[in-house]
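Visitor: The primary structure of each chain is shown beneath.
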Amino acid sequence: MTQADEPAKVGEYSYFSKLDHRDGTAVKSQWTISVSDERASFALGVDSGWIIDQRAWGLYLKDGAADYLGKSAMSPGPSVDLCIAFFQISEICHGYPSDPKRSVREIPPDTVRSDWISKGYLRSSVVRKLARGIPCKL
Amino acid sequence: MQTVEVRIPGQFWDSFIYNDRLYLFTLNGDIQSYRWDKLVESVAISIDADCRPLFWQFLARGQAWYSRELQKLLESPKILNEINKLTDLITSHPHQVSSKILKETLIETTGSPAHPHTDVEAFHNTLYISSPSGVRAAPLSRRLSNNFKMLVDIPALRMACSYGSMAVAAGSDGMYDQVLTSFEDFPRRPEPRQLSPRNCIACSWSSFDVIGTAGAGDAGFVAAFAKPQKDETESGLSSITTTSRQLLDVIGSDDLFQASDGLLFGADNLLVMTSLSSIYVDGWNPYRRREDRGVDLQKSLFSKYALTVDELTDAAIDGAVAVFGVAIEMDSALLVRGVSGDISGFGEPVNWRTYPRSRRYLNQLHVTYDDYLSIFAFVDDYFISDQARSPAAASRPRPR
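Chain order of the listed sequences is D and B.
Following my numbering, the numbering of the first sequence begins with 1 at its first residue and continues without gaps.
Following my numbering, the numbering of the second sequence begins with 1 at its first residue and continues without gaps.
These aren't lab readings, by the way, just hints derived from the structure by calculation.
Owing to the predicted nature of the structure, the values given are computational and were not obtained by experimental measurement.
Check each hint, because a few of them may be wrong.
30 Å max Cα-Cα, derived DSSO-like pairs, lysine-lysine [what the hints assert, rightly or not]:
| # | chain 1 | residue 1 | chain 2 | residue 2 |
| --- | --- | --- | --- | --- |
| 1 | D | LYS28 | D | LYS18 |
| 2 | D | LYS119 | B | LYS38 |
| 3 | D | LYS28 | D | LYS9 |
| 4 | D | LYS119 | B | LYS85 |
| 5 | B | LYS100 | B | LYS149 |
| 6 | D | LYS119 | D | LYS71 |
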């Protein structure tokens, strides 16, 4: 795997940013936030307990609410703005902007979505659409 | 467009109505069950006594005014005039439900097994709640508390039941079909069957076929089945040994509407395809299928219309067909094109739903907002002639 930075410690995990989610690879979703913000998104997921089995979810918070953090893959299009990060937990963790249309497994579980609503990170209407695999605007 | 609106203040995730019970799903994860008929009666006390029977019928017995007997009364200009006046009074403002009425009509409060769920459905006195982890079920013959059991663990973004089966939209995993058996058989059940591997974000029934809604760029498809032995009203729960219905084929929207860049959905005898500023509707009657002709598209499709909807300025993300018209959700608004062709706009909802299979609540639209729930009962369809009625609506119930 090609990486965009050296693995960094995030809590008990090692995390690195994968290059193919930053270099315009057409079949991969692309981060639009910096590598340090990507790591912060992972740290937020870890600190908040948004981890189930070997999967974790993260958000990019701006003024206490989630903001866009990436774009869906150009191929197959259309490319749309994404606001959820999906992480795979392993010896060295990595993640990418999650497109619920591409994989239903990346839709956050009930406990995570419930936490996002109660903390006011995402509006309820947005959470409903995301849980149904519908790309939506913030 | 005339609607009776009942407003319930509070922070809700969703609502559902079935067999005299209103279920409110609160934002903190509870399910509150209410006696709906009594709630409507209690709200009606605050309105003019002359309006109360109509108010109750519109909200609690949606099918009543489709009966031959009541339609016959409307042939009298004098009676029609009086009914119209009373209807104008009832529909002139929202009717607020007080906390006192809510308290008096509350049956129970229990924790949801899957908050915030993706969908709710009821079929033959069983309540189903879906989430990306699967579908849970509880019998409605008892109290809901602690009675939910996992029916199927495929990811469920939406679900819809009819003809003894549940169609499950499983996103990138496609669309599934689950034969529904008695709750007593749990945890034994027939295995779910994948009907299509194509992306599916919602599902609906058109007659005995199932429509898979896929979303922008793929629109959707129809899973077409062989004609059933029984009609929908006779098709209850199946036995544990029931074999799945025979799937004839899966037909893409490009074969149905020669387009795939929109949203496909439907109900009853209608397919709807959206595009910017317009919708296309086509009658769908698979009972006309000829033997040994497979899906027999030529016979199943029977009346195509293109209708302009200028307000449809963004891509449709969800839709539903009801007896009162077609509801289409865009990212920031919900539109309803009514039976007279009027368009009503609603602000971005937290949730919304219609009840295409219901008799009592077939005219209802529930729209959940951040601080309240609005329950709309549409009444135009009782008073419009067949000739003036829009083709973009489910057919009226047959008089019984």
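Visitor: Going through the numbered hints above, which ones does this structure break? Give me the numbers in ascending order.
Guide: 2, 4, 5
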